[in-house]
Amino acid sequence: MAWSRKSAMFASLAVALYLLGLVLRNQQLVTVAVVLLSFLTWAAFRTSHADVSSSGRRIDDTQNDEGIELQNILAMRKVSSSRIFEDGEIDVSLRLQNRSNTSKVLEVRDRVPEVMRIKKGANYVLMELGPQRETEISYTIETPLRGFYTIGPVCVRVQDAFGLFHNEKEIHLYEDFLVFPKMEDIKDAMIKSRVPKIFTGAVNIRNPGEGSNFYNLREYIPGDPMKKVNWKATARQDGKMMVNEFEKDAVSDIIIIVDSRKISETGPVSRNSLVYSTRAAASLSQYFLARRDSVGLVLYGDEITSVDRDTGKKQLYVLLTKLAGSMAKGNTPLKIVTNRIMPHINRGSPVILLSPLEEDPTIVDAVRDLRSRNFEVTVLSPSSLEFEFDARRLDRTGYEVLKTERDILMAELRGLGAYVMDWEPDMMLNTALTGARGF
Amino acid sequence: MAEENKPKTSDTAHLYDSTTLRSSAPSRKAAAGRQKQNTEIPVDAIPEVHVPGWVESIFGGPVISSMKFLPPDRMVTSLQLASSITLVLLCFLTFMITPVTGTAWFAISNMIGLGFVGGLLHFIIIGIGLIGGMYGVFQRDQRALLISYCMLIIVTIRFAGSKVEFGLSFLPEGEIAQKFLLILYAIFLVMFIELSSGIIRFSMLDTSIRTGEVYVMGIQKITSRYHKSLLIAPSIAGIVALLTLFINRIIPAMIGVIDPVSANRLRESVELTSVYGVALGTMVIFMIIAGSFAVNLPLRIQQFRDKKTN
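Line order of the protein sequences matches chains P and G. 267 is the number that my numbering gives to position 267 of the first sequence; each next residue is one higher, with no gaps. 259 is the number that my numbering gives to position 259 of the second sequence; each next residue is one higher, with no gaps.
Misleading hints may appear alongside valid ones.
As the list claims (entries may be wrong) - Some chain G residues near chain P, calculated using beta-carbon distances under 10 angstroms:
#: 1; residue: Y149
#: 2; residue: I157
#: 3; residue: A186
#: 4; residue: G198
#: 5; residue: M217
#: 6; residue: R225
Since the hints were derived computationally from the structure, they do not count as laboratory data. Glycine included, each C-beta is placed from N, C-alpha and C at the ideal position.
Pulled out of the complex, with its shape left as it was, chain P reads as follows (with noise of 0.2 angstroms):
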């Protein structure tokens, strides 16, 4: 039984007038006080349970002291879905059971993670559960935010009439869920690899060779199978037989690097780089495993974790878990990342990096190394200047040196041969790749 400020404040009131009555002789006083402490124990008795759990103690040692009224009571949850994508909703169902014989008036909460929005129905109900009885509550959470959540535990109160005591249980009852990064469609990506290698499941590449898909038209050399004549082109030509190239079938190694740095939440909780960066890669992910790419992760920030090379469904899943538990922690240089993964991919892979490109004295040096040994590397970056600035974080004179300072970062990336777009908060993810190929 725990005591409310209410219930303390009239304790101490009638504890001070008893003994001034006492003291000035005033039998008023003392009346009111003999009032005031009967009060107090009649609530105490009707909220029942005389062995007073002393405060500061952990819930699982207050297990018994509970008292008999929480004692039958049992929930169960229902969530709709344990994945889900950002802005996406979960429908929960909270089923309470009272199993005693007596009516209880209780207050159930049902803790849901702080970042959630309750879109409709209400987790925290004051109810009058009757014996024997059971019902349920519904609410239906939206979740803004990519991550690993947990919904519970369920905490019961029951208190008497008058608020001055009450008992407190929680069902330790817990519902685990993902929420996954945001997907934007891309359809003019055009990242691929100018190198072809024999893998399975092959994609087109920018190559000539034998393929399934139109590449390009061509005068006929001896040899050239028949078949491969385009005789409506031939007829246009006076005569000059042409024949059509296909694209090769071939598999392209995407690696996408995605900076999670403690500084790549600079900005707003639902606006920073890291927020971009790794809805950015989901979409990647997403863009080139359906053209039966095969996609690797690497995230870097207090460590460098990382997802192998794969193609299908599954990696897709696996790298969105990835995505939706990456933390903004560290500060671990692009070049680390950069050394330990280049002797694992295939020179000519294209490397996508995402990163708000700020305090790592690395990232020329880093992106230098991977243009030296041909890799194809496309910078897409989230300016946290712009989300600061957004935010009224940062005064103009401010924004306009640092905008500076990251303007002149690019172009010497770029001068390196990377692919380097300063991704804007309200640009789409299309637009900002579009910019970044040049295209």
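Given chain P, work out where chain G should sit, using these hints.
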């Protein structure tokens, strides 16, 4: 690209050619600070932190929570009405049963030779209690309510010398009637405190319901439970107070069964009829209550109620 050993610390020497890499890139914050004419931190960059005052730190939080309520619903309105009626009756009872004699302001006014000032002050204190209470009840202002409680308690603080005295001469002088009047006054005071705090509590609940923060199932059952408690709790408190105040009659009656002479002496005892008799009564009654708690009586009653139908 298998995962390799993870760096254990922020020291990067073991990873990068035995050189520790440190972030020495252009610091955005430093640059921003340098470039600005005015280097103060933007207001919105400072999180809003409520620094508790010394009173709040004693109580471990705000003594009075400030909350904006939506217009009162039916339940709150009925509580406001009940509370205001109780307050008027309480102020009237206070005025009747609390004489100015024995109060600090009466003593001071007599010392300065202006006896009427004491009476005026006494009247003003009750008036502040009434007006503050009314304002607090209808505006749902907790500060005004607290002032009202304080005033209505302060006005009763006086040296009484164990005698029950009333402010108005026409009131009954019999012991039983006097004690009933005292209990009535005490119940009204406690009821006013409870009803007015109930206004705040139910306003909070109503606001939470209407803003969708809380959902209430079977609100009528919950409010009817409160209404029942409003009748039962003061009655119980009144009975306990009655037993306590009439201890000077209960003890002699019990002793009288064994020894009528001693019982008669006890009845005439000044100590037992004084405030110390009441103290003895309180001790006896609350020892019984403490005993019931010690044997876990509430738990046993609850268990009995729970198992009754099985």
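Interface restraint verdict for G/A186 against chain P (beta-carbon cut-off 10 angstroms): With Cβ-Cβ at 4 angstroms, under 10 angstroms, it holds.
G/G198 as chain P interface residue, shortest Cβ-Cβ below 10 angstroms: holds, 8 angstroms
Cut-off 10 angstroms, beta-carbon criterion: hint that G/R225 touches chain P: Cβ of G/R225 sits 6 angstroms from chain P, so the hint holds.
Interface hint outcome for G/M217 [beta carbon to chain P under 10 angstroms]: Where the cut-off is 10 angstroms and the nearest Cβ of chain P is about 4 angstroms from G/M217, the hint holds.
Per-residue hint verdict: G/Y149, partner chain P, C-beta under 10 angstroms: holds, 9 angstroms
G/I157 as chain P interface residue, shortest Cβ-Cβ below 10 angstroms: holds, 7 angstroms
In summary, the structure agrees with every hint in the numbered list given earlier.
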